[in-house]
Each structure stands twice: as structure tokens, then as C-alpha cells.
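K.L.:
With the hints as a guide, dock the two chains, each given alone in a separate frame, to form the complex.
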Amino acid sequence: MERANTLSATIMPPSPAKRRPAQMLGYAMMAGLAIAALGGPALIGADPAKQSLLATLQSPSIAHPLGTDHLGRDMAARLLSGAQLSLSLAFLSVITAGLPGAILGVLAAWFGGWTDRILGAFADAVLALPGLLLVLMLAAISPGSWWALYAGISLTLWVEYFRYTRQRARISLAEPSVEASRMLGLGPWLLVRRHVIPEIGPGLLTIAAFGAATAVTSVAALGFVSVGIRPPTAEWGVMMTELLPYWREAPFLILQPVACLVITVLALHLSVGGLRRL
Amino acid sequence: MKYSIEVTALTVFAGATRLMGPVSFQLQPGGTLVVMGETGAGKSLIAQAILGTLPSALRAEGEIKVNDRRVDQLPHVERAKLWGSEIATLPQEPWRALAPLMRSFAQVKEAHRFVAKRQAHEATQATKKAFEALSLKGAEKRLPGALSGGMAQRVAFAAATAANAPILLADEPTKGLDAERHSKVIDLLAEVPQGGGTLLAITHEVSVARRLGGNMLVLRDGELLEQGQTSSILDAPSDRYTQSLLNADPQNWPVSAPSHIGKMILDVKNLSVTRGNKRIFEGFNLELHAGEKVALTGPSGIGKTTLLDAMAGLLKPESGAVARDGSLAKHSIQKLYQDPPAAFPNRVRLAHVLQDVARRHKTEWSEVLQTLEQLAIHPSLLERRPDEVSGGELQRISIARALTVRPKIIFADEPTSRLDPITQRETLAMLARVADENQIAIVLVTHDKNIAQKWADRAVSLM
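Chains as they are written, first to last, in the working numbering: chain A, 1 to 278; chain B, 1001 to 1463.
Bound conformation, chain B alone (with noise of 0.2 angstroms):
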């Protein structure tokens, strides 16, 4: 049997602590393997072990075998040879990885230039065929900071697999990606085997694996949980964790109870508003009650943020009103951040910063502690830095911070898009709770329309 890849107890080390490992698969030609677990649980390191670019830190020890070649002993120039003629990878984040300031085509046709050492006018032809493939048309020309997400993808795995590698290493493929183009990237990945293709796929997310099939394994803390059939570990998942990871992909919450809905606090009347000279929307109406969850959903790019600044006050709207109910005090509109760490002073000690707060709205610091423990932060996380704890963490941390000034309504503005799936869930989960309290409003923008079904009491789609 002729396998592509075949890993042979590879585990991971940093000096003498074990990061991930051990770990044991072989993929044949035509076979697909999903790498799943959440941040940090060590999945990149099997993409790196593999492709020889772990970092000069960390050591790697067991077999690894590619093409029936034993790879792992060999030195990195030759393990170099290997990328792009018979491994690609399609990096995370696909628009920080083509070179900024070359033309997509450009970029394609060095690889198919130089990676597949092709002639010049062949691989002029080979980029336009695969131009087309990819529904390209038109992107030739454009640098890469003008590409869309998707493109920016596309162009990536125009490059990446120009020199026909029979392998490809795909590492979160859909991160940061909204809900169409996320199924776009995953057909073209489910492509790879089809066409005999082996894909190694990486992913933190229970639809990808569930859309790629094949073979997984389930990492936590680079531990190995799980191993086996896709299918047969979703559909009955023998590990705890993975079942709880199964839980928090959002098509599969419990749709959540209806909150106590109080009277208007905000109301929104044709509101329009421009950005440069675009129109972003217009028309837009909306009726705030107090207590209740209004999810706001649309592709990413449509406005949604600046639909939310314009309501909570910090952008002008072209037309049209946001009349505040009276009731409302001046700071009784919050709004959380889709960076957490971008939301706080990034040198100053989060202790400091919710001080600030109660101070200035002469709440009692033990109230503070209070909610702090509601949302299980520990209070010796406030002596840290805002990128000393976890994006999770940091979040809740901030949510407590809106709730210092006791606000009416809180504009989320896809405040967990860069958590893991658990995390994600967990926070959502916290910040209904104390919505529900304190009869609270919230807005939650989010690109993911499970999330805006399960969680919200409505859900307004733009667009």
C-alpha cells in the first residue's frame, strides 16, 4: 500500500516539556484528514512537524514519511525541495501570505514559473487557466489589499497548488471568513481528494470536518483524543470534549429562552448612512425594547459596524433619527469589540481600567468584584496586562467593564468571532445571563446565522 503521508508516533517537544503527541496516521492518495481542536491544542505543530518548519525551539521526534520517503531525517534544504512540488499549504490568512505589493497574476505565474519551472508563455497560459477556474476573472490586475477574503483565498490556492503538489496542508482555511464564501473555500478544498488529490486540513470548527469527511482526529492540549471515520466520531463522539465541542458549534445550541421584554428604549427611523461617498444603507429602522436580544446579521463588508456606530451615536447618520428613550443616561449605551485586546489601553493594568470606570460612575469596587465573579473572571487576572490573558477571558473582562456603568443597551460587534467555539459559546451564554439581569438590550452583530437563530430573540438580516 502506498500511502502519501505517513506519521509514525510524531510528538512534539519544547525542551523537555511535550507540547502534542504522540501521534499515529497514514493517508492515501485520495484521502482526506481533519485536524480538529481548539487554540493552542497543537495542530498546527502536526502541519509544521510535516512540512519541516517547526520553530528552532521546539523538536520533533518519531517518523514521518512522505511519498514513501522518510523526510523528517533529512536536512531543510531538502525538506524545501518538497514544498510546493509535493506538499503545498494554504496558509492561515491567506491576504497576509501573498506578497503585497504584487498583482495576483503576477503572483500565480511565479509559481507556476519557478515551482513548476515552466516556460514563460506556459505559465502565462497555466495562470489564465486557473484564473478561470477559480472564477478569477477580472482580479488579475489587483494587488492583494484590494481583493475580497474569498479572492484573497482563491489567489492563495491558485499559487499554492500551481505546481500540482499532490498534497495540501490546509491550516483554518476559513478563518475570518463570513458564511458564503466559507462553504466556497471548503468546496474547493473537498476538490483536492476527488481529484486524487490528499488534503490534511486543519480546523477548529465541527462544519468544516463535517463537510470534508474522510479520516479525524480530535487534539486537545496536544493531547490525542479521538482518531477515526469523520462521520463516525460526530455522529457519536466517544470523548467528553468532544462532544463538547460538538455542543458549541451553534447548529447545534438549544435555541435559547425568550428574554422579559420591557418598554422602547431606542428607536431607529429611516436611518441612511454614507461612508466616503458610499452609500452603506439606507431606510434602516429598528425598535429597541429593553431586556431584548436582537441579533444583526449580513456578509461581512455590508456595514454592519457602522450600522452600529451610527446608532450607539459615535457617527453622524446622512438621514434619519435614533431617538433615545428619555430614561437613558448619557453612557447608558455600551459596546463590546470584536478585538477584545483592541478595546483596552494595551501598557495599563486591567485592574487600573476598571478602576477608572467605577470610579468615574461611583460604582462600589465590590460590585465590580461581583460581577467579575459572575462572569469567573478571577480578580488576579486584573493584575495583568490586557495581552496577558486569553481573547476569552479579556472579553468577558471587557463585558464587565460596560456593566460598571450600568448601561441599558450593549452593541456587540461580532464580539466572539475570534474565540473558539467553546469559549464562544460560554460568553454568549454569560452576557444573555446578565442581559437578562439587569434588563439589559443587546445588539449582537454576527456573521454566523445559527448564532443570530439560536441565541437571539430576533434576528435582522441586512441585505
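One chain only, chain A, in its complex shape (with noise of 0.2 angstroms):
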């Protein structure tokens, strides 16, 4: 049978050939995201902020590319703004979730015992207030203020890395592999570095995908609630809200945000698709 298996796995590779178009797909679109969040409305020198009282709700031309909206403001340059907005919040959440999240984890895996104990009740304690209570709450306290957001959507983010972290790097550190290291007088850093890290990551980095796509769509959901930011800063979920009366005159300018949205966590999810295999 070992024959066999090792036999058919030369033959014919079980690699997640059909996996990759999508993949690179979606790594194509984070990349076009990546440069409009980063370039902004400057990329079409158009200010996002400019009204226009004479020409509202018109259709894509030359000087607008992708309409104007209610106010005559251009739709593009508004788009991007909000790309950035969104972007960075993702981008900076996922790392101050992550980092803590996998560092308190591996600690946790590590010393066992009462550092353990401690800090998974920290974590359960998270887990047991609902995310979007713990984003009103500070959004409440500062209405309207990207910090507040941030900090709620990085608070309520951490638990899933810590969680993950903990519980592979568990699984990791007991192999007799770790055990073989110890005696052979590798200190913690190098157990860390070749036993727990190469386990981790890949996991870490989908879970720090949907947790950005997870950011996004918080954002503009909350935006569109009227929690989040506030107009006029040009948000996609603040769009969607001052767009929505509009939905008849001009319904392709309120499907704008909306696509931006599902593009973004569509290539969010689609980037990480292959990696989850591994």
C-alpha cells in the first residue's frame, strides 16, 4: 500500500492545479486594490470632496469616468478615497490583531499552567462580548473617528490568532521532534523559529485575510449604519447610505460601492484559497 500511495503521489502531483488561475486572479486584483489604495484620488487628479450643485447624478463621461453623485461630486476620485480609507484600516488591523494575537498564543502554548489558564479566559472573555457591541461602544465614546473603529475592529479581531496560534503551536511544541531539539540544546527562539513558526504561518496568513475582508466589510457595514465615519468623508458604506435614494434615477451609481466591497473581499478570499491546502 506505502508503495502505492508514495507511487501515485510522483505520478501525479496533487498539486492545487486547479486552484492557481484563481488564485493568481486574485492576486492580480489585491495588486490593482494595493495601487489605488496607495495612489488614492490623485491617481485621476480629481479632488473627492468637490461639489458640483449643476452637474449631480450624471452618467460616466470623459471628465467624470464613473458618474457624478447626488452633490456633483466625482464618483471615481470618491471611490478611491474610500479604497484608501478601508485599506489601510484593514491592513493596519490585521497586524495589531496578528501580532499580539500570535506572540500571546505562542506564550500561552509555551508556559501552559496558569499563563495559560489566564490568558484563554482573557480570550473567552473577548469571545463572549459580540464584536459589533465592542465597535459601538468606542464608536459611541468618539463618534465618527477612524481610531475608534480601528481600535474596536483590532480588539475584536486578536482572539481568532490567538486562539489558532495556541493551539497549533500546542500540538507543535509536544511532537518528540521538539523534545529531540531540546536535548540537542536548541534554545527557545530556534524551537520557536523551526517547530511553531513554519506550522503557523500559512494558517495565520488566511486567517489574517478574511480577517482583513472581515475589517472591510465591518467598516462600510457600520458606515452604512451611520456608526462608522461620518459624512462627508467619502467611505463605501457611507456612499451606499447617500446613494440609496437615488437607486432609481441613477442605480449604477449606488452598485459602485457595492462592487468595490465585493471585489475587495473576493480578492481577499481568492488570494488565500491555495494557501489553506497547505
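Honestly, the hints are just simulated from the structure, not real lab data. Remember, it's a predicted structure, so these values are computed and weren't measured experimentally. The beta carbon of each residue, even a glycine, is placed where N, CA and C say it ideally should be. Incorrect hints may have been included.
[To be verified] Among chain B residues calculated to face chain A with C-beta under 10 angstroms, some are:
| no. | residue |
| --- | --- |
| 1 | 1343 |
| 2 | 1389 |
| 3 | 1392 |
| 4 | 1398 |
| 5 | 1404 |
[Unchecked claim] Residues from chain B that keep clear of chain A, each with C-beta distances beyond 12 angstroms, as calculated:
| no. | residue |
| --- | --- |
| 6 | 1030 |
| 7 | 1117 |
| 8 | 1289 |
| 9 | 1323 |
| 10 | 1342 |
| 11 | 1376 |
| 12 | 1386 |
P.N.:
Quick look at the structure:
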């Protein structure tokens, strides 16, 4: 049986060949979004806040490639500005949630005992509190502020990294190979670097991508219900709210922020699709 | 003449590459065929071709007849009808073949009920009888996880033979069993031809082949080397490879030269260890001298590994003491593991692993390379990850890794039990050589009494 297994493995490598194109598409979309977010409205040289009440709800034209909204502001510029805001927040919250989450997870797995129990209880307490509630609370303290949103999202997201890392690191650290490395005299840093990080890395990247997608959706959802970022800032959720009354006259306008949100989430999910198999 | 299995020019291909064959043989009812060879020799492919379970990427050519009926052209569904009723298989590592959430009686009864197509009460009766005959009484209600290896083997045997299939295919039936259970399983298999059945057994062990007798095929890399009566091949092999397989059987090893024994470096006194609430052993004494080779034998499950861990200082003993000689540095005790891939971080290249250790102990890299050369490991292998080299190579690399620390004592926990006989012999010989050159004491845990007698300076038997 063993022989047959190794054979079929060498003859038909179970490479995620089918997933590759989807993943490449994901990367391409991510690259596009990154350019949009880094460049912002400056890319097309238009001001997202400049109103022109004589030219409201216009169809796409050369001057306004994606048309104008109900106050005559350039849609393309506003979408780009929204991308800047959403993606920067997603990126930052992933880093500030991911790093402490993963580090605490490794610490809990490494020390076990009381360290593990206290950190675990803390994580459970955060989990017991609905994430939305936490964000709403912070938003109430400081309405419409980018920082409140960011802190709230980051505080709810770290638990996932913590729990994943703790679980996987515990399994890795219990393996005989760690015992062997310890007997050989390798220190804690090398043990973590050689045994734990290679094991949890791909999984953490996946969580990070999904976490970023969650963050982007949360910002838009909070904006849509007028809790998050306030107008006149160009934010996708806020834009949806603003443009909703005009869906009959100019349906293509409301579809634009929705499409941006879908594309961003899709890009994040597609680009980690292949990684999940590792 | 009626044959149970008649195979003519069976060849297995993967695409255009030939993996195995051509082989031809006939087996009559009451006959035995032993297929012998190392891992990767294509032994299992023969059984899979007869059953019709070859992986879809492989293609078989030639003619296979089962009970005078040509089966190799039959569609898969038709072939599956033969399973259990005409051909039964005893898989490798049966505890993996049993359904983990089904009690053993129910598993065997299921086979009687649905494969042998008996009425429910008849099936119960037949299962009871089978459990009695195989001395499995008391195991009826147990889940496979709670069965010992030997019991699981017999439960699998009872289920496989429920429908009285006249042909039994046994793929490495003794893999992973200790000496005592080993012989019980062979007794069980030897009864098949005596009762008029046909047995096709696949093994890499010379002792199994000898006990089963009949005819045999010797395969190497898919190539048929020898074919004929088992006893005559084993007594007078005509091929050099068969000879080396025979030599690799621990029974035929020459007794090793005694080591140069130095002063005492580890003194184990009155050691007792418990695991959970169970006392595993008590009052264990051992005096270990530099350069000495000690074998520790005993049936599986007795706690040999636990004892080793306690002596290595990885486990706190309940009572007793392990006194290290003052000359021993902190990392002077090293351990070799039963499953080499489990002893390496599995996503890291081997060069990194060795470099980490060399850097930590300020061992020159050239010295590491020299050790590897002594162990016949080509440095290019270090560019690979642990799962990309063979088990034998990896075990030798782990010996090299341990030597980088300049140890005084190596505890080896069945380091060769998962290796092929020839590799096992080479690996243990190399281990003995480097130990002798560096005055390292070795405690080798093994379940093979022959290895203990032939390889070690002295053997300590547990129980």
C-alpha cells in the first residue's frame, strides 16, 4: 500500500492546479487594489470633496469616468478615497491584531499552566462580548472617528489569531522533534522559529486575509448604518447610504461602492484560497 | 489441474514506466506463495492487481485468473463481488483497517451477515464461534482503539475470513508486532493452506517466509529475481540480493566484536516510574560504561520508551536515582527515535537543522560533513526536507545530528524497527562503528531478541 501511495504521489502530484488561476486572479486584484489605495484620488487628479450642484447624478463621461453623485462629486475620486480608508484600516488592524494574538498564543502554548489559563480566560471574555457591541461602544465614545473604529476592530480580531496559534503551537511543541531539538541544546527562539512558525505561518496568513475582509466589511456596514465614519468623508458604506435614495434615477451609482466592497473581499479570499491547503 | 490463482506475465505500469513484473505463478488450493522484497519492491502491487485495487494512475497487463475465471478484464463492480467471498485480504496494520467507532463483535458480525449473507442469528452464532476459535473472548465489546495490536490483527482476520473465502492475501501481516504476537499471527496464517485454502503472503522478513513455506517470489525494484520453493531458495539462494536479504535477517548476523569498555558514566539505581496511576516498572538498575553497547528488550507496551526517557532525564522518576558521571556535559545524552521523520521539524531543510546544532555547539561544519560521509550520506541530501529522504537516510542523518553534540551516551528507541532489513543492518552497523570510534555508550531498545544477542555487548530483558 505504501508503495502505491508514494507512486501515485510522484506520478500525479496533488498540486492545487485547479486553484492556481483563481489564486492568480486574486493576486492581480489585490495588486490593483493596492495601487488604488496607495495612489488614492491623486491617481486621477480629481478632488473627492469638490461639489458641483450643476452636474449631479451624471452618467460616466470623460471628465467623470464613473459619473457624479447627488452633490456632483466625482465618483471615481470618492471610491479611490474610500479604498484608501478601508484598506489602510484593514491592513493596520490585521497587523495590530495578528502580531499580539500570535505572540500571546505561542506564549500560552509554551508556558501552559496559569499563563495559558489566564490568557485563555481573557480571550474567552473578549469572545463573549459581541464584536459589534465593542465597536459600537467605542464609536459612541468618539463618534465618527477612524481611530475608534480601528481600535474596536483590532480588539475583536486578535482573539482568532490567539486561539489558532495556541492550538497549533501546543500540538507542534508536543512533538518528539521538539524534545529532540531541546536535547540537542537549541534555545527557545530556535525552537519556535524552526518548529512553530513554519507550522502556523500559512494558517495565520489565511486568517489575516479573512480578517482583513471582515474589517473592510465591518467599516462599510458601520458606515451604512451611520455609526462609523461620518459624511462628507468618502467611505464605501457611507456612500451606499447617501446614494440609496437615488437608486431609481441612477442605479449605476449605488452599484459602484457595492462592487468595490465585493471585489475587495473576493480578492482577499481568492488570494489565500490555495494557501489553505498547505 | 485447477488453480485458485493463475497469473501470467503480470506487469504493472505507471504511464510508460514499468514498475513491476513480468511475474507468472500458479497457486493450487492448499498452496502458499510468499512474495518477499524490500519496501518499494512492488510486492503490494501484485496483491492489488489480483484484487483490482490498483491506484487509477497505474495499469496492469497480463492475465489473472481466480478460480479458473479470468478477472483482469472484468469491470470493477464485478471484481468487487469477489472480495470477501472468493478473495479475502488481511491489510497492513489492521488497527487502521477496523472501523474505529464500531465494537469488535459487531464488526465481525457485519461481515458474517452481509458478506456471507447469513441470517442475523446465524451471524451471531458464527461470530461467537470465530471469537472462541481465535481466543478473542472478552474483546467482544471493545472498540478497536482498546485492542492490542495482536488482538486487532485477529479481529481483522475474523472479519476478513467470515465468508470463508478460499483465498487469503496478507500484506505484511507482521508489521509492527512484537516477537510473541508475530509468531501467533504466522500460526494463524499457516492454518489457511492446511485447511485447503490458498495463501498469498507479502513480507520482507525471512523468518516469516521460512515459517510459511510453500513457494516464493523474490522481488527487487519490481524485478523478479528468484522464483521457486521457499525452502530451497532460503537454503541456497542463487541471487546475490536474496543472499544479502538473508544475511540481513538478525538471526544470521555475525556476533559483533566486544566494545572497548571504559569507566562507568551512568549509574541507574532502583528506578521506579509511574504513568498515570499505573506503575510501569520498579527497582530498575543499570550501570552504563563508556563505549558499551547495551540492548534493552521486552514485549511492546511494557514501557521501554518510558524507561529510556527516565534515564535520559526527560521524565521525573517516582523513586530511585540516575547519577551522571561528573565528566558528562549537559547535552551529553542524546536520543534516537523510532520514527525518524517525527524527530525532525518537518518543514525545515535538513541543512538548517544540522547548522543550528553545529552553531550551538561550536562544531565545525567540515566536521559535520565528515561524519555524514562516514555514515554514507551525500551532502546534497541536506538540501531536502525530512519527508524527501528515505527513512534509512534520515535515521543516519539523525545519528550525525546527535554526534554533532559530541555525546557520551545515546539512547536509541527502536531506531531501525521501521526500516527494511538490509537498511536496518547497515544502520546499526554504522551506529556501532561511530560509537566505538568516539567511546559512546549506547542503550538500544529493541523487540528483536536476535538483534539484542548479536549486536550488543550485553542484553537487559525487561520482565
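K.L.:
Compare the structure with each hint and give your call.
P.N.:
Hints, one by one, checked against the model:
no.	hint	verdict
1	1343	5 angstroms, holds
2	1389	13 angstroms, violated
3	1392	14 angstroms, violated
4	1398	8 angstroms, holds
5	1404	8 angstroms, holds
6	1030	27 angstroms, holds
7	1117	28 angstroms, holds
8	1289	21 angstroms, holds
9	1323	19 angstroms, holds
10	1342	5 angstroms, violated
11	1376	22 angstroms, holds
12	1386	9 angstroms, violated
When each numbered hint is compared with the structure, violations occur for hints 2, 3, 10, 12.
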